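Visitor: If you want the building blocks of each chain, they are given just below.
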Amino acid sequence: MVIEHPVPPFFDWITIAAVKWVFAIGVLAVLAAAVSMILILIRRGPGSVFPVFCRELRGGLSDAVHLSWKRVFAIARLMVQESIRKKVVVVAVVFLVLLMFAGWFIDPTNKNPAALYLNFVLTTTDYLVLLLVLFLSTLSLPAEFKSKTIFTVVTKPVRPSEIILGRILGLTAVGSAILIFMAVLSYFFVSMSLNHTHKLIDNEDITHEAAVENVSPDTVVAHGKTQVTNGHFHEVEEYADGTISVAEENNHTHTVKKITEGENVRYVVGPQRGTVQAKVPIYGKIRFLDSGGYEKDAGISVGEEWEYRSYIGGATSEAVIWTFENLDPRRFRDGLPVEMTISVYRSHKGNIERTIMGALLVRNPATGLTAEIGSFNSEKYRTLAMFIPREIDKSKVKSAPSIVKHRQETPQTEKEFNYDPAKEKYDLFADFTDGGKMEIWIQCVEDGQYFGAAEPDLYIRTRDANVFFNFFKGYFGIWQQMIILLSFGILFSTFLSGPVAMFSTFGVMIAAFCRELLMNIAFMRELGGGPFEAWERLITHENLMSDLSNTFGTYLIKFFDLLASGLLCFIGMVIPSFTEYDIYTNYVASGFDIPLNTLAVHGLTTLAYVVPLFVVAYLILRGREVAK
Amino acid sequence: MSQGTNIPAEQVGGSDSVQALPDIVVETKNLTKIYRDFWGRQKVRALKALDLQIHRGEVFGLLGPNGSGKTTTMKLLLGLLFPTSGEVNILGRPAGDVAKNERIGYLPEESYLYRFLNAEETLDFYGRLFKMSGPVRRQRVSQLISMVGLESAKKRQLREYSKGMTRRIGLAQALINDPDLVILDEPTSGLDPIGTRNMKDLILRLKEEGKTVIMCSHLLADVQDVCDRIGILYQGELKELGSVDDLLKVGDETEIRASGLSEAAKERIKAVIAEEHGNLLFCGNPTTSLENLFLDIIEESEARPGKRVRGGGNA
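Residue numbers (the working numbering), protein chains in the order written: chain A, 1 to 628; chain B, 1 to 315.
Pulled out of the complex, with its shape left as it was, chain A reads as follows:
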């Protein structure tokens, strides 16, 4: 699974995030006070600035103290009623129709159909729900101003804070209900779409070996393959002890029951297993070792634009090293189940289908004792599972070059650490970990080929979480985006007309999806300069790399770009990145359990956005005249 923006551990993150948030709120408060004073100055004259400001401040505090949850819920209830009466359920119907026709377009023969289906339902839900709250949040309040219905509300003992909070809660309830409906529908859709079985007919699909007396239980007595369903089949083997194994294909397997009725034998293939998973991984810290034995943060660049993965060369001493901490032998009594998705880069052509061989080693970071656990054949985008046994045979143990921490240090020659020639078996935890710390190395064996990896590409698989629960956790990302967007929508609707508020919120949504690009442009990290320079290059057909001529026009363009980058920088800092919430879809579609840490960090981040948006919306509504 690709994790481009890893979520930091909650307790490491919270302190810095809280300080940043308090600082941002402080700046916002100062700005709000300054704007208020300027407005009072314009409206009432210089003599009134201080008394009116103090009075308003007292009023604001009074609003905070006297906020009535009964009124808040009354307004939230009204929002729900409005949404229902205005046929918000249409969105759910649209989704249902989309699901009905989705089967036509989604390829069930895909190598990873679960990811395809899950990506589809989560992405569709995301866009539909965001569009729904975009309309609901931006049109409701301006419509009340236009129809003057708001007159009958603000002439009751209702505070602006209650109007805003009631709207946020009401629309959150509506959006959540729609989201839950879509989630349940999606779950059934994905389950039904992925559910399949195969035919397995005796003597037609299964070939029996000649009967031999006194065979060991693991002797294969029959083998064959299932018939094709959803574009794939499974290899099947029956052993002497009666067990039947079904090979994994398209990320799933099946159970097979053998039913003997007299002389007739029937094989019944059960439903698919393991298509949708919720793996709970333990990640290690990644680093690279170059051919000189130097430790580096990144490996070789093979020229790919996407620099997520770093590469190591084959048939060299280069290695990708993951360091795992706090490994507890009580948790892994039999050994470590490791899974990896190692990328392959071929520098010379051959059989493109052929896999590239690599080796997996474990190493004690303190003693340097190393064992080569085994080799594997890597294929791009394919996840491989390997098991590192608790007991490691002497033949696998070898010495390793110790890692040089800094380039200026001389690499040490090979040394043997703790190598006892008399010792026949080594224990994974006793010999290869140091206080729970262990390294796993990956090396490419084939000359001229490269292995690429990023930190999340290799992990120790601990257990599987509940798939159903994880599926619904996946919707938490959409839910958070929805709340942030509806808060923006409500904020804009306090001072803009409906259509303008809608377009502004739509702009926020687009900017939130493209925040990374915005920040890249703001900090001039994109080739071809800022927006004005880009226009200049478009019009004059200049390429991105060439320097613009030193004319007054170019200076002017650069100046405007500087202003634009300041504006973009501000927008980028104020607007959240919705792409960061894609991680939820990524987790679910890739079959990983969404960690509680991610939920906590993102949940609190969402709250950190909603609170100031609520306060700003309240201040605007309080400061504006309801009538004209």
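Everything labelled a hint here was simulated from the structure, so no lab data went into it.
Incorrect hints may appear among the rest.
What the hints assert, rightly or not - In silico lysine to any residue, SDA-like type, Cα no more than 20 Å apart, as pairs:
1. B:48 x A:625
2. A:628 x B:163
3. B:163 x B:138
4. A:146 x B:38
5. A:148 x B:35
6. A:146 x A:608
Unchecked claim - Computed list of chain A residues with no C-beta within reach of chain B, every gap over 10 Å:
7. 7
8. 44
9. 63
10. 78
11. 98
12. 150
13. 153
14. 158
15. 257
16. 302
17. 376
18. 430
19. 435
20. 625
21. 626
Being a predicted model, the structure only gives us computed values, none of them experimental.
C-beta atoms are modelled at their ideal positions from N, C-alpha and C, and glycine is treated no differently.
Following the hints, complete the assembly by docking chain B onto the known chain A.
Guide: Same frame as chain A, now just chain B:
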């Protein structure tokens, strides 16, 4: 619209609603409102230095032609607009104080209500805004629906209501909290003659219950029927203020209407009248109609712009 309007004060809203009512319910001092454009330039001076006091228990009518500032005054009283200068105090609190709304009922010119709700839901929603408990809210909703005669239509969404029905449910929402001060903007607009009669009866009943009513209307006969005092605004200035009876009194005319006089007295009066070739019906000051008074003031104001000496009508 036949039942009473009051419910126990402690059943409505928070603690604010049971405070003692001041004698002066509404007070404006030098209240001025200037509308400005986006750039802050003065567009129109809608209200000029209005000084007004409305006392507890009176029915006060605010009159004026279109654009005279009466709606602006209403909105300033309700806190829907902010004054440019001057002060407004309602029930002893500034107009901007939300707590004042605990004891105010407001019927807007058009009944600006949620068209997707039905009558019951509408009143239930407004009842919730006053933090009324469930049983009290249900009782009050039922009572008000019965009062405005919408029992048969209480389950229909307001989008299906006629204008008269909308006015009636609008009135019901204004009375949901059993307010001490009722502000009615064009209360009889859109009502049929029976509805108008009922509305006027209701206003008088509110007065009997000791409530203060402020209303503005173009229908002068309605104002004349129910108001104790009126204020006439023209181009943002208060041109006339006083009791309806005093203002409509025609001072230089005599009207005599009598009964129970002795024959001798009658004879003497008759003789006098006979000398003048007339019939004796009433003896006293006649009154003009409010419509005449209103038109006279407007005419006079147009002829002599600026501050008008009040009480200088036909009296």
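Visitor: Taking the numbered hints from earlier one at a time, note which ones the structure violates and give those numbers from smallest to largest.
Guide: 2, 3, 6, 8, 9, 10, 12, 13, 14, 20, 21
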